[in-house]
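Asks: Next come the chains, spelled out residue by residue.
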Amino acid sequence: MALAAAPTATRRRKFSAAGRPWIPYLFVAPFVVLFLVFLAAPIGVAIGNSLLSQQSSGLGFGGRELTFVGIDNYIRAFQDSDFVVSFGRVLLYGVVQVPVMMIIAGLLALLFDSALVKAKKFFQFAVFLPYAVPGVIAALLWGFLYQPSVSPIIQAFTSLGIDVNLLAPGTVLWSIANIAVWSNTGINMIILFAALQTVPREMYEAARLDGAGEARIAWSIKIPMIAPAILLTTLSSVIGTLQLFNEPQVLKTITSNISSDFTPNMAIYAASTLGKDSQYSSAMAVILGVVTLIISVVILRITNRRSMGATDGI
Amino acid sequence: MASDTLTRIAPLAGAAPGGSGTGEDEPRPRRRGGDVNRIAGDRVSRGWMIAVTVAMIVATAYFLIPVLWLVVASTKSTGDLFSTPGFAFADFHLWDNLVALSTYDGGIFWRWGLNSVIYSVFGSVLTTLVSAVTGYALAVYRFRGRKVLIAIVLGSMLIPGTVIAQPTYVLLVGLGLNNTYAGLLLPALVYPFGVLLCYIYAQSSVPTELIEAARLDGAGEVRIFVSMGLRLMGTGLVTVLLFAFLGSWNSYLLPLLVLTDQELMPLTVGLTGWSQSSITIPGLQILTVVGSLVSIIPIAVVFLSLQRFWKSGVTAGGVRF
Numbered sequence: 028m029a030l031a032a033a034p035t036a037t038r039r040r041k042f043s044a045a046g047r048p049w050i051p052y053l054f055v056a057p058f059v060v061l062f063l064v065f066l067a068a069p070i071g072v073a074i075g076n077s078l079l080s081q082q083s084s085g086l087g088f089g090g091r092e093l094t095f096v097g098i099d100n101y102i103r104a105f106q107d108s109d110f111v112v113s114f115g116r117v118l119l120y121g122v123v124q125v126p127v128m129m130i131i132a133g134l135l136a137l138l139f140d141s142a143l144v145k146a147k148k149f150f151q152f153a154v155f156l157p158y159a160v161p162g163v164i165a166a167l168l169w170g171f172l173y174q175p176s177v178s179p180i181i182q183a184f185t186s187l188g189i190d191v192n193l194l195a196p197g198t199v200l201w202s203i204a205n206i207a208v209w210s211n212t213g214i215n216m217i218i219l220f221a222a223l224q225t226v227p228r229e230m231y232e233a234a235r236l237d238g239a240g241e242a243r244i245a246w247s248i249k250i251p252m253i254a255p256a257i258l259l260t261t262l263s264s265v266i267g268t269l270q271l272f273n274e275p276q277v278l279k280t281i282t283s284n285i286s287s288d289f290t291p292n293m294a295i296y297a298a299s300t301l302g303k304d305s306q307y308s309s310a311m312a313v314i315l316g317v318v319t320l321i322i323s324v325v326i327l328r329i330t331n332r333r334s335m336g337a338t339d340g341i
Numbered sequence: 660m661a662s663d664t665l666t667r668i669a670p671l672a673g674a675a676p677g678g679s680g681t682g683e684d685e686p687r688p689r690r691r692g693g694d695v696n697r698i699a700g701d702r703v704s705r706g707w708m709i710a711v712t713v714a715m716i717v718a719t720a721y722f723l724i725p726v727l728w729l730v731v732a733s734t735k736s737t738g739d740l741f742s743t744p745g746f747a748f749a750d751f752h753l754w755d756n757l758v759a760l761s762t763y764d765g766g767i768f769w770r771w772g773l774n775s776v777i778y779s780v781f782g783s784v785l786t787t788l789v790s791a792v793t794g795y796a797l798a799v800y801r802f803r804g805r806k807v808l809i810a811i812v813l814g815s816m817l818i819p820g821t822v823i824a825q826p827t828y829v830l831l832v833g834l835g836l837n838n839t840y841a842g843l844l845l846p847a848l849v850y851p852f853g854v855l856l857c858y859i860y861a862q863s864s865v866p867t868e869l870i871e872a873a874r875l876d877g878a879g880e881v882r883i884f885v886s887m888g889l890r891l892m893g894t895g896l897v898t899v900l901l902f903a904f905l906g907s908w909n910s911y912l913l914p915l916l917v918l919t920d921q922e923l924m925p926l927t928v929g930l931t932g933w934s935q936s937s938i939t940i941p942g943l944q945i946l947t948v949v950g951s952l953v954s955i956i957p958i959a960v961v962f963l964s965l966q967r968f969w970k971s972g973v974t975a976g977g978v979r980f
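Protein chains in written order, with my numbering: chain R, 28 to 341; chain X, 660 to 980.
Do not take every clue at face value.
Said to hold, decoys possible - Below, a sample of chain R positions facing chain X; criterion: calculated Cβ distance under 10 angstroms:
#	residue
1	Gln182
2	Ser309
3	Ala312
Treat the hints as calculated values from the structure; they're not laboratory data. Glycine included, each C-beta is placed from N, C-alpha and C at the ideal position.
For reference, chain R alone in the conformation it holds in the complex:
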């Protein structure tokens, strides 16, 4: 302890008293300014805006003026059943999509980490390639594959005598989930694979000497060792599902089974552009932000209790 503490103290002294104490502030200034203008200010704008409402003045001819309405916009949002349902929809979606994707990504990462896979580079490229396809383009692409008129998938099913409609009210959510799995499995696999690479190989040798098989090693050593990476990827996937926008917004153009407020973000976009109600839209954005934050914190709490050292020494 003493050994470790001494250099830290030296470092601290040397680095804070370098003659020009303003240097660190100069270095962080660009980020801080940009942060204040493009992250803190929008949050402030959203909160402030959400407490206002447009009221048509006089006979409704002239301009509309903004009046303070308190939490009226929030009450309206919570009473808006479509908006509430959109949250339920993305939660249902996330409960299925995130585990499916993480299990596929984890299995692939474990396989790539084992000696079982030949032609690793090619297979890794294949799995990662969809991540290089922009989400919107992926949605356009799958959109074609969901349309009976052009889709080879539906053509194949039809030739087998099976009638499928991938854009029906009951299936369209899972068709969207499929696009997300297709797009994002690759990056999650790469992150988990990279984490597996950092596990000291000696641990496996010791386990093998003790008679553990590959499956047992994967379950009892590899997975616990990469718990922080699993947490990171799961958390960002959950945040991603709450923000769901691109895929349903694109698919909306080819099916009438996706409403303009299918997901919370779509409802915000619709209120802002179609409804021209920036104040109501801001209130919904604040609600979405708070819900995201709460779910993130809950996940961090639950998993932090189980996996120590997940904070990476920060």
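Using the hints, position chain X against chain R.
Replies: Just chain X now, with coordinates in the frame of chain R:
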């Protein structure tokens, strides 16, 4: 302590740019160098091998087939797109389609492509610089407010860009920056995840001793950062650059809100606009297909060319066949 200093100094010799130290103060080394004694699992049964190979082929088919379909579909005429089987080549119309793509609406597609390149290249380079200088300062200096800033960076990672897209749009309208390049470029520069990555990389790859030595030689702090810090953080910066580039290239909601001028739109917004219009203008359907294919190519090239770079950092030393 001696060996710690050694591994910390090792990158100075230029042996491993960005190679991480493995001192007691870093409980979890990010990667391992020189890992050659990997057991090749020589007693793996044939059955498992076959099962795994089949699984890999199925997975590969799932991930590649949509892209293959896009390639095949791009070579078809509008009529054949609807009348021929999806994976069967029909009359080869790729060149005609590319000409149509390039000339439609005065070549607006290439304008969108140029815009996407502008947003992604400028955006990612600037984002990486801002993140690098911030992460470096957080790792190297001890100053008042440092802990607060770290907390802010960590906290704002939980605030997804799309949640503040609408308020950002309101703000940009207020600033008169809606419908401008700057309006889309500037908000992207706040990239807390990039700052965090740079902070971690700077912590593990910029040795204190080296900075002190440079100071004794009379180098200024800015020069130390530019000539040593950036170089030592190399691998990490490429990772941040790649993620920032992908982020800009994929960005959709903010440009959709902020831009109304066709001339300023990136590919994502332009192509979805075409897809939407193809309901009334059938010719646009094939243009959307070809345009999608063309728009994927540069990003795949960027990823592939950078892959060697950043994957070498991630999977360093693993001797595999």
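Asks: The structure should be examined with respect to each hint, and the outcome stated for every one.
Replies: Verification of the supplied hints:
| no. | hint | verdict |
| --- | --- | --- |
| 1 | Gln182 | holds (6 angstroms) |
| 2 | Ser309 | holds (6 angstroms) |
| 3 | Ala312 | holds (5 angstroms) |
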